[in-house]
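Input sequences plus hints: build the corresponding full structure.
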Amino acid sequence: MKKLLLGNEAVARGIFEAGVKVVASYPGTPSTEITENVAKYDEIYSEWAPNEKVAAEVAIGASFGGSRAATCMKHVGFNVAADPLFTASYTGVNGGLVVCVADDPGMHSSQNEQDTRMVAMAAKIPVIEPSDSGECKEYIKLAYDLSEKYDTPIIFRLTTRVAHSQSLVEISDRVEKEFKPYEKNPVKTVMMPAMAKKRHVFVEQRLKDMAQYAENCPLNTVEINDTKIGIITSGICYQYAKEAFPNASFLKLGMVYPMPEKLIKDFASKVDKVYVIEELDPVIENHCKILGIDVIGKELFSLLGEYSTNFIKKAIDGEDVSTFTIDENVPIRPPVMCPGCPHRGMFYVLKKLGMSVCGDIGCYTLGALAPLQSIDFCVCMGASIGMAHGIEKTGNQEFKNKTVAIIGDSTFMHSGITGIVDIVYNKGVSTVIILDNSITGMTGHQDNPTTGFTIKKEPTNQVNLVKLCEAIGINNVVVADPFDVENFEKIVKEEVKKEEPSVIISQRPCALLKGVKFPGPLTINKDKCVNCKQCMKIGCPAISLKDGKVEIDKTQCNGCGLCTKMCKLGAIGGGNNE
Amino acid sequence: MNKSIMIVGVGGQGTLLASRILGNVAIKQGFDVKVSEVHGMSQRGGSVVTYVRYGEKVYAPIIDKGGADIILAFEQLEAYRYLDYLKNDGKLIVNTQQIDPMPVITGAEKYPENIIEKIEQKGVSMISVDATKLALEAGNVKAVNVALIGVLASKMNIDKQVWLDVIKETVPEKFYEVNIAAFELGYNCK
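First to last, the protein sequences are chains A and B. Okay, so the first sequence: first residue is 1 according to the numbering used here, each after it adds one. Okay, so the second sequence: first residue is 1 according to the numbering used here, each after it adds one.
Heads up, some of the hints might be wrong.
As the list claims (entries may be wrong) - Calculated lysine to any residue pairs in the SDA-like style (CA-CA distance at most 20 Å, straight line):
#, chain 1, residue 1, chain 2, residue 2
1, B, K142, B, K174
2, A, K40, A, G19
3, A, K546, B, P103
4, A, K273, A, D317
5, B, K65, A, I326
6, B, K118, A, T325
7, A, K554, B, G46
8, A, K517, B, K142
9, A, K3, B, E113
10, B, K122, A, S322
11, A, K177, A, G19
12, A, K554, B, G139
13, B, K65, A, D327
14, A, K313, A, D327
15, A, K402, A, K490
Worth flagging that the hints you see were computed from the coordinates, not collected in a lab.
So, in structure tokens, the structure goes:
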């Protein structure tokens with residue numbers, strides 16, 4: 001049976017069919033749907049771990065324990081998981097272990113554009129890369145066989161356009177795998193210097209063996225057609241290049257690390273010109289150049305962003321496409337916080353008070369954009385707290401008593417706790433605002449240790465943020481509703497003044513959560529409204545000017561009521577309350 | 001010959017569901033199909049675009065500038081923004097709804113005036129429709145996506161029953177009737 005599946009759904013299906021027993025992940029666009037779909041299979045134990053490092057360790061443990069295992073993350077998540085994974089490369093596996101990593105060329109939803117293949121090479125972990133959903137499912141099954149055969153974790157690299165596009169997939173049945181027998185062998189699984197030295201020898205040999213395998217790997221395919229143009233490519237770029245030059249000759253690499261030598265040399269010798277087409281870094285290109293093959297790569301194709309069919313056509317034969325043109329400015333439409341978003345009230349207060357804000361990763365990063373424009377800094381998951389502490393320790397008066405860190409509940413669980421420990425231990429006085437909206441919002445509503453539910457929506461133990469912060473040693477822990485802006489402002493003013501650390505838990509559920517009820521669209525009483533635009537300062541997408549008058553869009557407004565608190569004239573009313 | 005259809009709109013308008021319906025309709029015709037969408041950050045009220053391509057054999061999951069046979073736009077400004085993706089002989093279906101983007105709300109930029117007239121003047125083959133009205137008439141403003149799918153269906157040579165079957169399989173049961181009503185209103189609107 002053929003089904004239209006998202007690349008990520010197909011990876012999940014492949015994991016299921018391969019007989020995997022344990023999957024642990026942390027959500028991150030564009031990888032999230034792999035684990036969400038795995039969770040639908042009761043044959044697989046799945047979990048959201050607090051971060052990618054723990055997730056990877058769970059998967060490594062499951063592999064040592066004799067079962068096939070997976071962990072899935074976005075590219076920057078790999079950085080968090082790098083510590084265990086770099087050494088899991090040395091230990092190798094017992095049950096097959098696959099690390100699914102989704103890169104985001106073009107940064108649709110990411111803070112950088114790093115190329116996982118480069119990190120994989122540093123870790124000496126082989127990389128397999130599919131180019132559509134069908135390959136997602138088939139390749140990952142082979143990845144498990146290779147993992148067990150060569151005693152290595154395998155990185156299964158996706159990019160946004162493979163992860164988030166749907167194509168047809170042939171569905172098969174699951175093949176259950178017996179537990180692999182476990183034999184105690186510290187030389188392989190206890191990485192102390194004496195053992196690791198031996199394993200490093202193994203790792204280098206493994207790469208050589210796999211490079212040999214790459215010569216005949218069924219994932220590396222040659223299509224000899226017109227020999228004027230030869231294209232070496234992998235992943236989504238294969239699809240673009242094939243669309244652009246259907247008659248060219250192709251060497252498509254499904255295993256992108258380690259790469260073959262003879263296969264590439266043979267291919268290059270059969271065609272007049274060789275182009276290497278790969279998004280981001282010149283990984284295949286550099287390999288070819290080291291082999292002494294004359295290829296055309298990044299001098300034509302960009303190191304930045306995504307490619308496309310037109311882009312490749314234009315780069316190779318200069319062909320451009322005629323299109324309709326617009327001769328005026330089309331305003332951009334950046335993403336915004338939703339109507340009813342709990343973060344909006346908090347940002348309004350922080351902006352009003354002129355705070356310097358160390359931000360973090362989540363929906364609330366949108367607080368950096370107009371009109372709220374509150375966030376000063378944002379680097380990576382969990383960085384807000386350390387940054388606020390670092391700023392405080394400079395002693396720069398410009399930031400004194402007016403700097404806060406803001407961090408979401410899930411991000412705090414991910415890597416914020418250690419930041420708080422640092423502040424307490426090193427006698428910092430920073431104020432940290434934890435945005436507790438009862439869910440992991442940006443990636444599409446995943447549960448986390450603070451929500452009280454597992455990935456399968458079963459009730460579970462819930463981390464108590466107040467008790468946790470108190471236990472670390474924060475004496476000032478205050479819970480406040482960010483929609484009670486007056487009180488929230490008072491609390492922020494008080495806490496930043498204190499010469500000891502504070503945590504404010506800004507508590508209000510995400511407006512999109514099931515069960516969050518609002519009274520319905522509000523309206524503006526035209527007789528009372530004087531068009532002062534005070535209500536527009538909160539940056540709600542439902543409030544705009546129509547013919548010079550403030551108006552509420554009833555298709556967007558849910559009646560959360562934050563705007564009514566801005567209006568001194570009581571001109572906004574309606575909803576069910578009217 | 002492959003068909004390339006783009007669905008553009010504002011995050012939250014239901015473009016993903018529309019592209020899934022279209023993709024499944026194409027499968028029922030026995031075609032190879034690719035549907036591409038973007039999740040995450042860009043969904044939050046931002047400009048969203050999904051691509052549906054079908055035919056004998058489809059490679060690229062996304063559509064390039066000048067490559068769309070049809071653009072189904074859920075909002076005027078988004079129709080304008082992606083107009084250069086339309087083939088010179090392509091067709092644009094545009095919902096007349098206007099949603100101000102944040103730079104317009106903050107006053108930093110202006111929402112362009114008379115977008116529909118300007119597009120028409122360029123000689124674009126275009127159908128404009130007030131799908132919000134149709135959805136409200138059907139009983140739920142959120143059915144605007146299926147109303148627009150109805151308009152699209154009326155312009156394509158695919159048996160109507162196929163669309164109805166796919167909608168039944170795709171939308172939650174409790175919204176089935178309102179969605180079918182919205183589809184019919186869209187299908188019969190012009």
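Discussion item. Let me make sure I understand: some of the numbered hints might not hold for this structure. Which ones are they, in numerical order?
Written reply: 9, 14
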